[in-house]
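Peer 1: Two chains, two frames, some hints: make the complex.
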Amino acid sequence: MDFRFSEKEDLLRKSVREFAENEIPTKIEAMEETGEFPTELLEPMGKLGITGVITPPEYGGVGLGYVARTIVLEELGRVCAAMPMAMQVHHMACANINDYGTDAQRGKYLPPLAKGETMGCVAVTDPTGGSDVVGMKTTAELKGDKYVLNGRKCFITNSHTSDFWVVIAKTEEGAKGLSAFIVDKDTPGARVGRKENKFGLRGANTGELVFDDCEVPRENLLGQEGGGLAVAIKTISETGRTGMAAVGLGILTAVYEEACKFASERTLYGKPISSLQAIQFYLAEIFSQLEICRLLCYRASWLRDQNMRCDNEAALAKYYTCEAAANAAKKAIEIHGAYGIMREYRIQRLLRDAMVTIPSGGTAEIAKVVLARAALAPFKTKS
Amino acid sequence: MKRIIVCVKPVPDPKHWDQVSMDPITQILRREGIPTIMNPLDRHALEEALKIKETQGTEVVLLSMAPPFATSILREGLARGADWAVLLSDPAFAGSDTLATAHILAAGFQWIGEPELVFCGNSSIDGSTAHIPSQLAEFLDLPNVMHVVGLDWLDENHMIITQKIERGHTKLKASPPILLSVRKELNKPRYIPFTGIMAAESKEIKVLSHANLGLDHTLIGLEGSPTKMAGLEIRRFERERERLEGSLEEIVQSLVDKIQLYGII
Numbered sequence: 001m002d003f004r005f006s007e008k009e010d011l012l013r014k015s016v017r018e019f020a021e022n023e024i025p026t027k028i029e030a031m032e033e034t035g036e037f038p039t040e041l042l043e044p045m046g047k048l049g050i051t052g053v054i055t056p057p058e059y060g061g062v063g064l065g066y067v068a069r070t071i072v073l074e075e076l077g078r079v080c081a082a083m084p085m086a087m088q089v090h091h092m093a094c095a096n097i098n099d100y101g102t103d104a105q106r107g108k109y110l111p112p113l114a115k116g117e118t119m120g121c122v123a124v125t126d127p128t129g130g131s132d133v134v135g136m137k138t139t140a141e142l143k144g145d146k147y148v149l150n151g152r153k154c155f156i157t158n159s160h161t162s163d164f165w166v167v168i169a170k171t172e173e174g175a176k177g178l179s180a181f182i183v184d185k186d187t188p189g190a191r192v193g194r195k196e197n198k199f200g201l202r203g204a205n206t207g208e209l210v211f212d213d214c215e216v217p218r219e220n221l222l223g224q225e226g227g228g229l230a231v232a233i234k235t236i237s238e239t240g241r242t243g244m245a246a247v248g249l250g251i252l253t254a255v256y257e258e259a260c261k262f263a264s265e266r267t268l269y270g271k272p273i274s275s276l277q278a279i280q281f282y283l284a285e286i287f288s289q290l291e292i293c294r295l296l297c298y299r300a301s302w303l304r305d306q307n308m309r310c311d312n313e314a315a316l317a318k319y320y321t322c323e324a325a326a327n328a329a330k331k332a333i334e335i336h337g338a339y340g341i342m343r344e345y346r347i348q349r350l351l352r353d354a355m356v357t358i359p360s361g362g363t364a365e366i367a368k369v370v371l372a373r374a375a376l377a378p379f380k381t382k383s
Numbered sequence: 001m002k003r004i005i006v007c008v009k010p011v012p013d014p015k016h017w018d019q020v021s022m023d024p025i026t027q028i029l030r031r032e033g034i035p036t037i038m039n040p041l042d043r044h045a046l047e048e049a050l051k052i053k054e055t056q057g058t059e060v061v062l063l064s065m066a067p068p069f070a071t072s073i074l075r076e077g078l079a080r081g082a083d084w085a086v087l088l089s090d091p092a093f094a095g096s097d098t099l100a101t102a103h104i105l106a107a108g109f110q111w112i113g114e115p116e117l118v119f120c121g122n123s124s125i126d127g128s129t130a131h132i133p134s135q136l137a138e139f140l141d142l143p144n145v146m147h148v149v150g151l152d153w154l155d156e157n158h159m160i161i162t163q164k165i166e167r168g169h170t171k172l173k174a175s176p177p178i179l180l181s182v183r184k185e186l187n188k189p190r191y192i193p194f195t196g197i198m199a200a201e202s203k204e205i206k207v208l209s210h211a212n213l214g215l216d217h218t219l220i221g222l223e224g225s226p227t228k229m230a231g232l233e234i235r236r237f238e239r240e241r242e243r244l245e246g247s248l249e250e251i252v253q254s255l256v257d258k259i260q261l262y263g264i265i
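Chains A and B, in that order, are what the protein sequence lines are.
Note that the working numbering numbers the first sequence so that position 78 is 78, with each residue one more than the last.
Note that the working numbering numbers the second sequence so that position 239 is 239, with each residue one more than the last.
So that you can see chain B by itself, here it is in the shape it has in the complex (with noise of 0.2 Å):
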């Protein structure tokens, strides 16, 4: 196998979720100030990336489109042990719903070359659609699984894949080319060892915009996506609470049933 393609997406930490905030007019959600990290399901398609990497030797490219910003997630994935990085940024890009996300992450693909196998976390932890591997899969024509926890190569082009399906698992034999997204039970992410930061150094990030990859407008950004967005509410999940008025022996009574009503005693 040549080359393999990990896609990565820099997400606020949520460690820091706390302090997001969201624009009552715009809507737009208030991220300044809060760290950004590589997609915690991404680090297990890298993770995956590289263990087949060190068994056959195949190249690992790491492809991402977001602004400028991700070149920090991506020397982070150079020096877990990925070769080289695409950034494909652009102000084009900007309000790209995960349609012409798919779009542009595949004139990535066709910028780097054909893989033979593709990873992908199976949703970020943003915004959780699930929906950027099937979609990627689809324009560049190749098969997709999803929800994988298991991965054993039976020899270098054929293996078993166990997914999670909803009330246990399936196995399914595949070959390469594929797209697989994957779960964080498949594997445990390595930590970013100090030779692999001092390798990273000298490793390529390639950044490509909107010209590099020569895209119709019409499918990027804002108008390319044909999602829009009705609203946005911030849930808030707090402590019921109810205050008892009356005589102290109406409360007593009524804090007695209360207790009897939900087997507390």
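The following block holds chain A by itself, in its conformation from the complex (with noise of 0.2 Å):
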């Protein structure tokens, strides 16, 4: 068991701490200011590499996998989470389309989305609840060579900066009866709808897609008609939560950073307050925490790298990463003391970053239910 980075991997970092450094932090005041995603920054990312990081070379991607994503995300994230958030639902697009699309799908759609040129998102939940997948309510119906899509997605991220959405609808009633589709947006009947005004994760915009007699050919099914399920479960349990838990991880280290920063530069009674025990063990929570969830994140994508199931890491690293991300921000907001709920100091933004987290990509309660599977199948009697 080797837990060391190799020296690609530290080279990876460094590249996206350079490019994060550099170019993010002065977009940050306007996607806090406006909520909109800065898409000026699609393309230097699609030359970086960011946008096409899990794509294979052969639809224009570079193929780094997983862990080479976990440690994009956390760098980004790091400097501003919406932007990883923005970029982490971007390759589930990219992940759907290359692991359930056809030659001609893939052709189409992956180089364009790995070189930044587009964007893309996927779209599951609708008004009913994003949980309770099997009773959506959006239906599409096949009229000759076309699908009519005809109801309404919400919460959706990236929602009003995709190219297409890849959207899940009903072809029929029951868990066999979901099918993926692949949406541009300017299909006729298809539209975005209203922009949430979320609290946090500014830059990355969320809203509503509405499909009204939106007429899809045929070609654009995604997987087999009935494998909408499939398609939605893999991505959010493989690709969502891996994806979310590093936007966590990335929040959680620029909470650790900005904690010990502010402690070792206040000085109170005469020194730094780094020197106060009270304030080393909240120090010590936090580095604790972060320690954890880099461990729990980096071994999630592990897995999905070597091909091996990974849904229960990734609920675990997503669950635990993003809770503990608010909760040591809350911790190095008391740390910083009233200057903490101050707009000016960043401690704040992330708090409300890390709090966006929790639901986004299958709630805290829908990890949980998915590990308390995972713990109680060892012990699972046959009555």
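It cannot be assumed that every hint is accurate.
Stated by the list, open to error - Partial list, derived from the structure: chain A residues whose beta carbon lies under 7 Å from chain B:
| hint | residue |
| --- | --- |
| 1 | Leu11 |
| 2 | Leu12 |
| 3 | Arg13 |
| 4 | Ser15 |
| 5 | Glu18 |
| 6 | Phe19 |
| 7 | Ile28 |
| 8 | Gly49 |
| 9 | Val62 |
Just so you know, the hints here were simulated from the structure itself, not pulled from any lab data.
C-beta atoms are modelled at their ideal positions from N, C-alpha and C, and glycine is treated no differently.
Peer 2: Here's what the structure looks like:
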């Protein structure tokens, strides 16, 4: 068992850190004000390899896999978590099409996605609820050589910046009645609806998609008809949760750095507050959480890279890391005292961002359901 | 143009300079635990070489004299786009001043083969002597232009160099072979592309020792270094503080005098 990062992975981290520290900070204020994703960064991120990090080279990506992706998302999140939030959902669309697409679909959609020329997202959640996937109301009815979509998707990350959406809709009743479709944003009958006004992850837009007799060509069916649940579950549980975990890890890293920096610089009673044991305990707790979450996040991603099952590990990494990021940010705010609640200080943004990661990509409770199932599995009786 | 050599140096990351301390007895800087980065101006030197490589297909070779840990910054340079690298590393090189370092680097040049163009950072952020480029040019018998902030190619053999001088710029027309030492205004270094990181894995870093270079031992290390450090001190910059004494009236008057003296109001 070797827990070290390779020289290649160290260089990858250095590359993204340099990019993130140079290019993102000047965009944060606008992201916070407007809630808009800085789409002008897509091209440079494409050039670097961020947008295509998990896409195979034959489709224009760099194919570095999930540990590399976690490094990328963590480093982006260390500077501004809205960026990896948008990217991780973009990667979900890439994974969907790579895993379930036909050669024609891969050839059409993956290269521009990988190069950052287009942006994508995955739309599963209906207003009826995201966790109850089978209970969704959005329908797709086959009429001739087209599927006609009707319904509404909500809380969709990248809704307003994506060029197309991977949409899960009901072609029949029941778990085997869901199907996945690639819907170009300009398809007649498809439009974006309300853009949500979140209190965190402001730069990653979240909103509604509306389908009103939207005719989608039959060749845009992703995977088999009736196979939509598998498309949704695999993407959310593997790509989505490892991604959300990495977003949380980036926030946690930033929290740790801000807390230590402030505690080392702030002087009380003639010495830095980092010398006070009460503050040291807070710092130790934040540091411990960061170290634990690092192990969880990279283990889940490593399993995915080995093509091993990672749904339980990804659920654990996502649930634990996002909660830890929020708890650590709260402690760091306490270390900051009154400064912690001032808008000029970054730490308040980290708490807001961390809170938004908790229900994203599956709530903490859904993750716990997955974990309880895993915990009980060895003790399951036949009755 | 066949070959460009870019000199690169590992330096302590300036973000961690507040952690650098000095041994009070030996007066040697304690750098333990401080990350090493490529000297920032060397990145600009490499970027200019890579731009030429893109248009002329020129081979770009990195050269460094440093301890073995410097392979990490050479690998970074390879990931940015250089073709291969040479690290001159030997305990016998320890303690070399700029003159001895220039002798060693010049021997490295001989080993690699004559380049048409050499790029160096104008100075390093740790020593900051800016000696090496000129010394190296002298040993290699190359013309040297320092403080380069612009480079425009007229054709493959002629360039217009913009050089920053004290109160403005000069423009010089030059042809290879030449050694140019560059400032940060010259370009914006590219980020390390992920494809470059993958490609760098199979690129060669040749490590050469004293034995490979066959230099006279009187030219290298402490023995070859005429620079003798007289002393080293860490300068501290702190706010000036003054405690005003006396009765309340005297303190207030003194404060008002000072406010007027410094033109605050």
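Peer 1: Now tell me, hint by hint, if it's right for this structure.
Peer 2: Cross-check of the supplied hints:
no.: 1; hint: Leu11; verdict: 5 Å, holds
no.: 2; hint: Leu12; verdict: 6 Å, holds
no.: 3; hint: Arg13; verdict: 10 Å, violated
no.: 4; hint: Ser15; verdict: 4 Å, holds
no.: 5; hint: Glu18; verdict: 6 Å, holds
no.: 6; hint: Phe19; verdict: 5 Å, holds
no.: 7; hint: Ile28; verdict: 19 Å, violated
no.: 8; hint: Gly49; verdict: 3 Å, holds
no.: 9; hint: Val62; verdict: 4 Å, holds
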